[in-house]
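Undergrad: Line by line, the protein sequences are chains E and H. Note that our numbering has the first sequence beginning at 1, numbered continuously upward. Note that our numbering has the second sequence beginning at 1, numbered continuously upward.
Derived from the structure by calculation, the hints contain no laboratory data. Predicted model only: the values in this text are computed from it and were never measured. Be careful, since some hints might not be right.
[Claimed, not checked] Simulated pairs of lysine-lysine, DSSO-like, Cα-Cα distance not exceeding 30 Å:
1. H:Lys170 <-> E:Lys29
2. H:Lys66 <-> H:Lys202
3. E:Lys74 <-> E:Lys155
4. H:Lys22 <-> E:Lys29
5. H:Lys170 <-> E:Lys28
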Amino acid sequence: MSKVLVVSLCNEKMHDLEFVLPVVDVLKKGDIEFEMKYYKDIINAEKYSHVIIAGTSLQDDSFIDNIDYFSWLKSYNGKVLGICAGMQVLGLMFGGIINEGEEIGYYFEEFNLDFFGLNGKQEVYHLHNNCIYNWEDIGFDILCLGKNGIGQAVKYREKEFYGVLFHPEVRNKNMIEKFVK
Amino acid sequence: MKLGLLFSGGKDSMLAGFIADKYGHDLSCLISILSENKNSFMFHTPSVSNVEVQAEALEVPILIKKTKGEKEIELDDLKNIINRAKSEYGIKGIITGAVLSVYQASRIQRICNELELEVFNPLWQKNQEEILKELIDNNFDVRVVGVFAYPLTKIWLGRPVDKNYIDEVKKLSEKFGISIAGEGGEFESFVLDCPLFKKKIKMIEFEDSCDGENSCRRELKLRVIENE
């Protein structure tokens with residue numbers, strides 16, 4: 001039975017309505033048990049089978065300066081999905097380097113292998129100023145590579161930690177449910 | 001945080017402003033764009049005079065920009081007026097009533113990103129029935145002032161958004177596929193009263209006009225009255 005921790009990175013609480021609650025709505029619809037916590041308030045992640053680290057606004061990168069709050073990730077053995085800024089958190093924890101790379105709006109990305117129900121050419125919603133290029137150097141496989149050379153979907157080789165640069169809570173909501181189930 | 005509200009006078013932008021207020025943000029100004037292009041995907045502010053009346057009732061200053069509604073020019077106009085709000089009112093971000101439209105939301109995100117402003121979309125991806133219920137629960141007086149889809153006709157004009165409205169429009173949604181909150185442009189709404197209003201608005205008169213059986217609009221003549 002899944003029990004999901006949804007992690008908010010939002011420095012402004014009102015941004016939870018935009019970046020976290022749409023994720024929560026998917027879990028509610030799927031009748032999936034969850035709790036939601038701000039990233040600075042996480043004490044015991046081990047009691048959750050899955051963790052979803054949701055995104056935040058374009059102007060909010062305060063999590064980068066507070067990345068030590070995610071040190072629990074190194075010993076966590078459940079499944080993790082990092083969305084946009086949440087994906088950057090995964091990268092930063094394992095030595096990734098943040099680069100500028102703005103993408104805003106709908107884009108088409110090509111999935112060569114099934115990624116939680118995403119196959120072939122898929123329209124995805126982007127909202128980010130930053131990205132990470134050196135995924136493969138830090139132990140991740142790139143499962144979907146954008147035309148601009150930006151990793152759009154990645155997996156950590158040693159654990160079931162996944163990251164997506166796009167926002168599945170806006171388009172491709174089923175992907176979240178498939179990740180959890 | 002000092003914020004500017006992208007304001008059409010309708011239910012979504014007003015509810016977004018209400019939520020921002022509940023979160024303790026400061027509604028420093030309203031920003032309205034009036035497009036001459038009736039088919040603009042970006043802007044749906046129907047009347048200058050009516051948003052001015054709402055601003056007076058809210059006791060919040062308003063910046064209004066008229067645009068011809070040509071695709072890229074209207075975005076330049078939006079950027080210019082947001083930049084003006086930034087310099088005149090010191091806003092640090094923008095609130096929008098965007099719910100589902102990535103077209104609108106992504107363009108506003110790009111503009112505000114260039115201006116280094118936050119964007120708050122508190123209704124983003126929210127269930128449309130929940131939006132209507134939130135309006136009712138918080139005593140918003142929202143009226144239908146435009147209908148633009150089959151089978152909606154002139155008889156819907158002036159209807160309040162209440163429980164009966166939700167029940168009826170849900171049935172139409174199931175049968176005809178229209179969005180219950182008008183996200184596809186099926187309805188146009190106007191907020192006559194809400195908890196943020198410091199003064200009351202009185203409707204003096206109205207005039208209905210139709211381009212066809214399923215394309216009708218109600219023009220409102222309003223004025224602010226001092227609270228008794």
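Undergrad: Which of the numbered hints are not met once you compare them with the structure shown?
TA: none
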